[in-house]
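Chains as they are written, first to last, in my numbering: chain A, 1 to 314; chain B, 1 to 314; chain C, 1 to 605; chain D, 1 to 605.
Worth flagging that the hints you see were computed from the coordinates, not collected in a lab.
Mixed in with the good hints there might be a few duds.
[Claimed, not checked] Derived Cβ-Cβ restraints for the label pairs, each shown as a range: (1) C:Lys438 - D:Ala549: 47 to 55 angstroms; (2) C:Gly566 - D:Glu489: 17 to 25 angstroms; (3) D:Glu500 - C:Lys582: 26 to 34 angstroms; (4) A:Ile257 - B:Ser299: 49 to 57 angstroms; (5) A:Phe37 - D:Pro425: 28 to 36 angstroms.
Note that the Cβ used here is the ideal one computed from N, Cα and C, for glycine as well.
Here's the letter readout for the chains.
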Amino acid sequence: MSAEDSPTLVSTPVSEKLTKKALTADHPTWCPGCGDFAVLAAFYKVLERRQLPHENIVTLAGIGCSSRFPYFVNSHGAHFIHGRAVPLASGVSLARPDLHVFLFGGDGDGFSIGGNHLDHGARKNIRMTYVIMDNFVYGLTKKQTSPTSPVGYKSKTDPTGAIDQPVNPIKKLLAAGATFIARTHATQINHMIQMTERAMDHDGFSVIECLSECVEFYPGAFDPANPRKGGEFKLIDEKKWDGTPEDEVRHDVTDEIAAYRLANVPFPGLFGVFFENDRPTKNAFERKWIETTRARLGSPTDLEILQKTFDRMK
Amino acid sequence: MSAEDSPTLVSTPVSEKLTKKALTADHPTWCPGCGDFAVLAAFYKVLERRQLPHENIVTLAGIGCSSRFPYFVNSHGAHFIHGRAVPLASGVSLARPDLHVFLFGGDGDGFSIGGNHLDHGARKNIRMTYVIMDNFVYGLTKKQTSPTSPVGYKSKTDPTGAIDQPVNPIKKLLAAGATFIARTHATQINHMIQMTERAMDHDGFSVIECLSECVEFYPGAFDPANPRKGGEFKLIDEKKWDGTPEDEVRHDVTDEIAAYRLANVPFPGLFGVFFENDRPTKNAFERKWIETTRARLGSPTDLEILQKTFDRMK
Amino acid sequence: MSTPSALPELASAPTPVGGRADLRPQNINDAVIRLAGNSQDGIQTAGAMLARLAGRSDQEVMTYMTIPSTISGGPSIFQVRIGTGEVLSAGDEADFLVAFYQHSYQDHVGFLKEGGILLYDSDHVQPDLNDRRFVYCGVAITGLTVEALGGTAKDKGKNIFVLGLIAAIFHLDAEKLMGLIRERFGGKNESIVNTALMAFQAGYSYPVGTLLSTRYEFEARPKTGRPGQVTMDGNQALAYGLIAAGVRYGAGYPITPWSTVMEILRSELPKYGGLFVQAEDELAAVSLALGFSYSGYLAVTGSAGPGISLKTEAIGWASMAEIPLLVVNVQRGGPSTGLPTNVEQSDLYQAVFGSHGDSPRVVLAAANVEDCFYVALEAARIARKYSTPVLILSDGSLATRIEAFDEPDLKSIMQDPQPDFTPRPDGYEPYPIGGITKHAPPGTRMMGGKYPVVTGLEHDEMGHPTGRPALHMAMTAKRRRKLKQLAEEIPLPEVYGSPEGEILIVGWGSTFGPIREAVDRAKARGVAVASLHLRHLHPLPNGLDSVFARFNRIIVAEMNDEGLYGFGQLATLLRARFCDAKIRSLTKTDGLTFRVKEILQGVLP
Amino acid sequence: MSTPSALPELASAPTPVGGRADLRPQNINDAVIRLAGNSQDGIQTAGAMLARLAGRSDQEVMTYMTIPSTISGGPSIFQVRIGTGEVLSAGDEADFLVAFYQHSYQDHVGFLKEGGILLYDSDHVQPDLNDRRFVYCGVAITGLTVEALGGTAKDKGKNIFVLGLIAAIFHLDAEKLMGLIRERFGGKNESIVNTALMAFQAGYSYPVGTLLSTRYEFEARPKTGRPGQVTMDGNQALAYGLIAAGVRYGAGYPITPWSTVMEILRSELPKYGGLFVQAEDELAAVSLALGFSYSGYLAVTGSAGPGISLKTEAIGWASMAEIPLLVVNVQRGGPSTGLPTNVEQSDLYQAVFGSHGDSPRVVLAAANVEDCFYVALEAARIARKYSTPVLILSDGSLATRIEAFDEPDLKSIMQDPQPDFTPRPDGYEPYPIGGITKHAPPGTRMMGGKYPVVTGLEHDEMGHPTGRPALHMAMTAKRRRKLKQLAEEIPLPEVYGSPEGEILIVGWGSTFGPIREAVDRAKARGVAVASLHLRHLHPLPNGLDSVFARFNRIIVAEMNDEGLYGFGQLATLLRARFCDAKIRSLTKTDGLTFRVKEILQGVLP
Ligand SMILES: Cc1ncc(C[n+]2csc(CCOP(=O)(O)OP(=O)(O)O)c2C)c(N)n1
Ligand SMILES: Cc1ncc(C[n+]2csc(CCOP(=O)(O)OP(=O)(O)O)c2C)c(N)n1
Ligand code: SF4
Ligand code: SF4
Ligand SMILES: [Mg+2]
Ligand SMILES: [Mg+2]
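With the rest of the complex left out, here is chain A (with noise of 0.2 angstroms):
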């Protein structure tokens, strides 16, 4: 058996419309004005778009605020364990190529206590769609410090005031190999979907960090950003290759190094797509072996195979 020939019996494409009705779930659990619910709005609007076969989308998520997403939404899904969503999506993306693998999670979840997984993830591109709701906060435990929240931010953890420099999600990315990395805000709903579309059409380990408000306990922390307050929404100017003198100075994705650059960009930062690769990914390499190895064997029975290593060892 491959892991290819079995799930493209069931995925063939199915003729209901995929609604926002079919799409709903439980009703979230999340406090009224959380910015979380813009990235699920904006996570319907792709799914409808997009008309993937309903039970091929999986959505996965590790624990906090934001990782109770999969039960919003409704699709097969699991809510996993605190910070290990990474490892989990990648045994799904591996052995499943029908599936669309989705991720959603916390600041907390994916920099602090999952931010190993992060970078073997990204390192080993394996295929998926992440999404990182970024409120500098964790939420669910109710106002501790949070590898993003900056300097100064007074919470449970710091009462005086944070005083550990944050994480840079872009620039731990790219050290990592994210072969897609981009940023958007909650508050921005067009930009969050463009920006969802492009990371699941891109074929590797796509991640986007969202802006995303909790307005319990660090409401107003993207004041500035939000241009709806008055704030800036700066995007990132991507090159036309257009050949224009004014391409010139727009940004190359493709430049490891420039992304690096504009990721020192203060807050809040600048926002679109820092870097995107095509580099081959972990679950084609592993096709590929595979492949190899079987082609090698000719088309032997799984039970052929084994018999064969037992005569060996008589």
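Fit chains B, C and D with the ligands to the known structure of chain A by using the hints.
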């Protein structure tokens, strides 16, 4: 009590000279020819030169061939569990400003299972000197692919050659925020000594990636990099700030982007200091908080502080 | 632990008082007041003030609260039980229910005892007045609060208005309460304090006489010769207990219901020259704590079940390297993420057996809020004396429950945090086979010139790794022996109730109160039931078998599952040790604390 | 498991043979050969060929080896026991010792039985010829090898030279051995094969007759009607068992002695269209495996103790979310990093109780190399049927020990790895309270339009998180019930030896062989000792109490510590369940497998 008061009692410099003999403990269990012997020799040399108070040297490690280091140094030391030596060392460093905290380990210990702790130790800038003996392989467990194994390396877990893109340690450390990052080679004992001395003089989280050959499972890994074997050992040309035109093109170790660029040089890469800056340590921040708090309180005894708290709970 | 002073009459009355509330005696010595609203209504603030007032009035008090499963907002209750006798549990039934909303009324009226008083916000609640079991007392809480505060405060202030109402009904000391309000809101700007006081006054001066024919008054029973009381919740008691025990360093990662311990320590330790680090995860937290302990400062880490699972490898290292360490587990409902905001005692197995290999450790559990304080001291004493990891089990009910207890005599209790840096003589062995390990922290001069390495590999007396068969046997025995030595010094707990008889209820952790109250109630009914509370769970005290021999049935009541073979976790440990088939289980896993009547039903034939 | 065919005479003889070796019968049916040298000498290669030859010759065989604690190099032994009767343990004493160096001689001569033969390299070893207990047979192994190979190969080839010598002394089938040499070195270049064959010939043609007056020959006792044998070590058997069980995906992280399982799976699974991932740590490994299992493909993860400690949180999720998963623990000496290259059975507690909360899981243990294969099948069957995590315990002695066993009938055994993607009907409930959970893997169409979420929070039948008290009770019971149902279908293991009597030795895991051999030897001495082997450790099979009732003493022999109360880990579990005070322990923690005589000494009065 303040953590600072006490240790000074006992750390009064000792008159006996710190000789190699006094520093030597068990005979290393490493394979004859293992690169780690040279790292140990360099460390003895550094300690002999610096004449730290013997009792204030602490040698810590996780698990791996390289992590057996503490047994071979006659100093206070601990041989911890796999991958968690950075937080162990952080505890020692934060509680005991009187101690010189040295940490040794392998690429698996540091970049694979311990990768997250490395990043968080770096961003928090916890004072310690960490030497990672990178042999591109899991030595102690006998030849599995390590996070730095190059693509194509044939190990027991990649019989047809490694396929995952390896970690780039320098990029990882830069992105995480380490404040001293250097690279050296076990065959270059003088360079190693020099790097170690600069690292220990750096007030912050200082890391040295030291290429150290595993003669048992990856002999010749660094042949091209080994001048003794006719390879090249290309040093980073650091800025001298002498105003000369030649200095223009030299590397500014405080320039993060430049350092990131240098990290892209393909194997065997460059050697020397990639990055150094003097961001305040977590040790300093926390101590300042302690001092401000205690200054505000006046000089009550521990009993008085707790009694006052209880009085408020009546 | 508090000693019984007087039996709470209302709560121990086996038959409902019945009839009308105004038939109840004016003097009461026990009342259960449940405030039911939404979590943003500040009912916890009001409830906590009642608890603190009781503490200051030398009364016993215990609170109980629920946390909604939504992230913020949602239905929530806060319950206060106040008594002049001993208060052992938060109460099975309420004497007095305050319902802020219709859902509060509907969800909780079943908890009100017959003859109890329903105080409801008539602006929101329409009770079924035909149900003649209760006394109805409707007050336009919302409207009157808005009116009193001038309409600017929206819903804010209702909680304090209700506090005033309760003060009037129970004849509480209004002056003291206003003092508490001033303390509570004092740090903020003046107008907030004034608004709160206005709300209180409005409630206090409400003409309750028009609705109720009786005013209640707590019997004045001053506890002679005892010090004053302090009022706090279990996590506070635990955190301050650690400080009293000389713990100055620690590390943790947030998780409900452990987080507040770490938040307190993070804020408080710098005052003592110490430090608490919020780590990137639980693996780092326990490792940091071990770094602190290795450095000479007995340190603490903690979590709830999921985080403790992540710490088991490092705890095993502490066993092997014989490093003292305190590990707090504020248990919640399990397994996995489970029921984060509910209570359970299902992590005992993990505490005792959770690491690979034979890795002996000490396990203690706190009985009530007061004991959270003292158990921390005992844990630190043991960790230091035996150079061993000690797990302290608390749980989600103790974490948030407020109790008043006799103020500890800090002067005689405070422990010195200072490590021993005196130079060690020549011939020092880090791991003496015959003795108990006492590490020389780094910074200590070794006069023989040989410096120690502590290690998780099996080792000889000097800490050198070794695979020598005889040595592993000897070292395993050494690590076992010290805990056996500890077992010898642990006092055999006293039986509560008749020292022999038909039934002995054995409990551990927060079931302490309900089990005692069950014994009291059974006694009142003339049934001979006794109880035994185990605070040291591993090692167990010696001599339990002789106690068990005096009873015909031993029933271990605990909040965990009966397991595959019908026995809860402590019951299993006891059966394995004593092979006494009389030992049976009374277990439950509904995420709620034991009600006294559940215990009685479970144990009485 | 092999059934006993004939008792090994030499090994079961209670009194030493004594006198001179040439007095021994020409026909033997059991010989213990110990090769002692340094690990780089290739003694494992030579030993493994002897084992394989025995397997091909329908003989029983068992090997035993030590790994030095230095990273490479250092003293090492490889022991082969070959018999035409049943070989149950690697042997308490050697009949034949090959000493490559002086230290090999010194360290191992005590292991040679009286009358045994010492074959030594006279270029390196000077034995004490005055010690008349042994037969001395000095051969200039180094010199002759160098001579035979032309001096270019340094020390390489000594192992094969010795193989030739042994073949001559034991009258082994030289043709078959040369075939094995060709197979072993065949992949590499031709000259290597030729060199090896030259070394073999040199040893085989050495005039042993000048030194020994007797040649030994194994009795020919063809096992009629049985299939051929396969020869492999325990980790190979386990890995291939997993493949036969339809496991196609897995993830792990290296650790001794688990690593070779993962190395085999990493190389083999692609042939079957599957995949094994080397993860960044054990936390990731178990999570990846859960991702595979969640996707529909029953997956495996594994480690030794330290890594299993890291997996306990995720295993708890598998309990709660009811995801099938296989978790292999190849146990080593503990606690902590412990004794990585030694054997111990001290992770049983962790296997059963290692996660927080009440998180039921299944625990099985392999008895011998053959059983490593079959236990994998049983584990996969249970995991699939009950949608549960199953822990498989093996240990460091099984991992590297080579045995020959009857070739499995793969045709009837092979399991289909294919997930069930058939669309689920309307009304599908992921977590039916009444039934056993059978997840619909992603990719499965849900005809009712409602797609399932699997979760580690407590949940209702649909997977919605809930804190409802009654539901947590019901779901906890559901998860417990399925394991009780499993317990009903597990066969009660048969008693080996007399079905009732004085002493019953209970064992689990790799103590199987030595315990059986102890029973045989006791029988030979006329003492009525029986044994019972437990393969299903959690849940335990029902009905053990009725077996225990037939014996006066129940002694649980296991390689772990006696603990605080005097009982090993399985003994503790059995005592807790049955409260039978007859159940006592025979434990040891010297990092070595049980010797038969240790068991006899321990159990006989
Ligand atoms: C092992 C473990 N540790 C800790 C927790 C407690 N916990 C739950 S969510 C969370 C962090 C939440 O922060 P984030 O990931 O940023 O998500 P948010 O709630 O802000 O969306 C923590 C610490 C847990 N469930 N498991
Ligand atoms: C939790 C845990 N997992 C795995 C191991 C096994 N292990 C020991 S050392 C090691 C890796 C060694 O590689 P590296 O860190 O590069 O050190 P080296 O031996 O190459 O110097 C591993 C996987 C362990 N001891 N503990
Ligand atoms: S606590 Fe914050 S992050 Fe969580 S649901 Fe509420 S607003 Fe959103
Ligand atoms: S195995 Fe490799 S890394 Fe380990 S001691 Fe030997 S040469 Fe060094
Ligand atoms: Mg967050
Ligand atoms: Mg390495």
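Of the hints given before, which are not true for this structure? none
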